[in-house]
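Participant: Under UniProt numbering, the first residue of the sequence shown is numbered 1, with each subsequent residue one higher.
Just so you know, not all the hints are guaranteed correct.
Stated by the list, open to error - Per label pair, the in silico range of CB-to-CB distance:
{"no.": "1", "residue 1": "H164", "residue 2": "Q85", "range": "49 to 57 angstroms"}
{"no.": "2", "residue 1": "D160", "residue 2": "E99", "range": "48 to 56 angstroms"}
{"no.": "3", "residue 1": "E274", "residue 2": "E99", "range": "46 to 54 angstroms"}
{"no.": "4", "residue 1": "E313", "residue 2": "E339", "range": "49 to 57 angstroms"}
{"no.": "5", "residue 1": "S317", "residue 2": "I149", "range": "26 to 34 angstroms"}
{"no.": "6", "residue 1": "A120", "residue 2": "W298", "range": "47 to 55 angstroms"}
{"no.": "7", "residue 1": "A171", "residue 2": "W298", "range": "27 to 35 angstroms"}
{"no.": "8", "residue 1": "R79", "residue 2": "W50", "range": "39 to 47 angstroms"}
{"no.": "9", "residue 1": "L97", "residue 2": "D160", "range": "28 to 36 angstroms"}
{"no.": "10", "residue 1": "A27", "residue 2": "L66", "range": "25 to 33 angstroms"}
{"no.": "11", "residue 1": "F264", "residue 2": "T314", "range": "19 to 27 angstroms"}
To be verified - The calculated BS3-like cross-link candidates involving lysine-lysine, where the alpha carbons are at most 30 angstroms apart (straight line), are:
{"no.": "12", "residue 1": "K142", "residue 2": "K125"}
{"no.": "13", "residue 1": "K142", "residue 2": "K100"}
{"no.": "14", "residue 1": "K100", "residue 2": "K117"}
{"no.": "15", "residue 1": "K59", "residue 2": "K95"}
{"no.": "16", "residue 1": "K59", "residue 2": "K100"}
Keep in mind the hints are simulated off the structure, nothing from the lab.
Virtual Cβ for every residue (Gly too), placed ideally from N, Cα, C.
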Amino acid sequence: MADKDAKQTIDNNVQDAELLEKNKQDAQVYRWIWVALVVVVLLSAASIAWFYQQLQQQKADIQSSLNELSSQNGNWQSRVEQHRQQLGRLDTDQKQLAEKLQQLNDKQQLSNAELQKRWALQEVKYLLNVANQRAVLAHDAKGAIQALIMADKQLEALSDYRLHPLRAEIAEELLTLQSLTTSDISGMAIQLQTLAAHVNQLRVKKGPEVDFSASSETADIAVTDTPAWKEALSDIWQQLRSLVVIRHEQSGEAAVLAPEQRYFLYQNLRLQLESARLALLNADTDSFQHSLKTAITWLEHYFTGDERDAMLETLNSLAEQNIDVSIPDISGSLNWLEEYRQ
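Using the sequences and the accompanying hints, generate a full structural model.
Facilitator: Next comes the structure, spelled out in C-alpha cells:
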C-alpha cells in the first residue's frame with residue numbers, strides 16, 4: 001500500500017515536472033509569438049508609413065500635373081480664341097472680296113454706251129466743281145461761265161432726256177452770271193503780277209547835282225581880285241547855298257538815295273503790288289484801292305521814265321475797275337448731279 005502511494009507520488013511529481021516543463025515551453029513559445037507579433041506590427045507600421053509617404057508624393061505629383069494641364073488648357077483656349085478671331089477676320093475679308101468681285105463683274109457687264117455716259121458725267125461734275133471754285137473762291141464770273149458752257153456741251157453730246165433738268169439748272173446759272181457786270185479778275189491779277197516782276201526796271205529820280213567846280217573857279221578869281229574879307233564872305237555864302245540845296249533835295253521828291261535805300265524802295269513797291277493782287281483775288285475792294293493808290297503815289301514821287309509812265313497808266317486803269325461784285329450761288333446744278341448719280 002505504501003509502495004502504491006510512493007509510486008503514485010512519484011507519478012504525480014513526474015506529471016507535475018512534465019506539466020511544468022510543458023508550461024515553460026509554452027511560455028517560451030508565447031514569448032516568441034509576441035516577439036514575432038511585435039516585429040510584424042513594426043514592419044506593418046513602417047510599411048504603412050512608407051506607403052503613406054508614397055501616396056503623398058503621388059498626390060503632389062498628380063496635383064502638379066493637374067496644374068500643368070490646367071495651364072496648358074488655358075493656353076489652348078487662348079489659342080483657340082485667337083484662331084476663332086482669325087477665322088472671323090478671314091470670313092469678313094472673304095465677304096469683302098466677294099463683294100468686290102461682284103462689283104467688278106457688274107462693271108464688266110456694263111455696255112460701252114453706259115461707260116461713255118459715266119465718263120461724260122464725271123467730266124461734267126469736274127467742270128461744275130471748277131465753276132463753283134472760280135465763282136466762290138476767285139470771284140471770277142467769266143471763268144465760271146466758261147466752265148458751265150463746257151459742261152452744258154458735254155450734256156448736249158449725251159442726248160439723254162433724263163438730264164434735261166440739269167441743263168435747265170445750268171442755263172439758269174449762266175443767265176444769272178452773264179447778267180453781272182464784272183471785271184476780268186484773272187486778267188487784272190496777271191497784270192499786277194507782271195508789273196511786280198518789272199519793278200527792278202524802273203529808274204529812281206535823282207536830284208540836281210551841285211556844280212562845285214564853278215564855285216571853285218569863282219573863288220580862285222576872287223583870290224586874285226577881291227580882298228580877304230570879301231573872299232571869306234564868299235566862302236560862307238557858298239557853304240550856306242550848298243546846305244540849302246542839300247536840305248531841299250532830301251526833303252522832296254528828288255532825293256538822292258543810296259543803293260541800299262533804292263533796294264528797299266523797289267521791295268516796298270513790289271510788296272504793294274502783291275498786296276493789291278491778293279486783295280483783288282479776295283474781292284477786298286478797300287485793300288485793293290489802298291494798295292493801288294500807295295503804289296501810284298510812290299511811282300509819281302520816286303521814279304521816272306517811260307517804264308514808270310506805262311506802269312502808272314496800267315495802275316490808274318486798274319483802279320477804275322469795279323471788283324465789288326456779289327457772285328450768286330451756282331451750286332444747284334452740282335447738287336442735282338450728285339443726287340442723280342446716287
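Participant: For the pair we were handed, K142 and K125, check the Cα-Cα distance against 30 angstroms.
Facilitator: holds, 18 angstroms
Participant: Do the Cβ positions of F264 and T314 conform to the proposed distance bound of 19 to 27 angstroms?
Facilitator: Since the Cβ atoms of F264 and T314 sit about 23 angstroms apart, the hinted range of 19 to 27 angstroms holds.
Participant: Quick one: are E274 and E99 within 46 to 54 angstroms, going by C-beta?
Facilitator: holds, 53 angstroms
Participant: Are the Cα atoms of K59 and K95 separated by 30 angstroms or less?
Facilitator: violated, 53 angstroms
Participant: Using the beta carbons of A120 and W298, state whether their distance is inside 47 to 55 angstroms or not.
Facilitator: The hint (47 to 55 angstroms, Cβ to Cβ) holds, given that A120 and W298 are roughly 52 angstroms apart.
Participant: Evaluate the given range 26 to 34 angstroms for the C-beta pair formed by S317 and I149.
Facilitator: Once the Cβ atoms are compared, 28 angstroms apart, the range 26 to 34 angstroms for I149 and S317 holds.
Participant: Looking only at beta-carbon atoms, does the pair A171, W298 fall within the given range of 27 to 35 angstroms?
Facilitator: Violated: the Cβ-Cβ distance is about 47 angstroms, outside 27 to 35 angstroms.
Participant: Okay, R79 versus W50 on CB: inside 39 to 47 angstroms?
Facilitator: holds, 43 angstroms
Participant: With 49 to 57 angstroms as the target window, see if H164 and Q85 comply at their CB atoms.
Facilitator: Given range 49 to 57 angstroms: holds, Cβ gap about 54 angstroms.
Participant: At the C-beta level, are A27 and L66 separated by a distance inside 25 to 33 angstroms?
Facilitator: About 57 angstroms separates the Cβ atoms of A27 and L66, which means 25 to 33 angstroms is violated.
Participant: Taking 28 to 36 angstroms as the hint, is the beta-carbon distance of L97 and D160 inside that range?
Facilitator: holds, 34 angstroms
Participant: Take a quick look at whether K59 and K100 sit within 30 angstroms of each other, Cα to Cα.
Facilitator: violated, 60 angstroms
Checked against the numbered hints above, the structure violates hints 2, 7, 10, 13, 15, 16; every other hint is satisfied.
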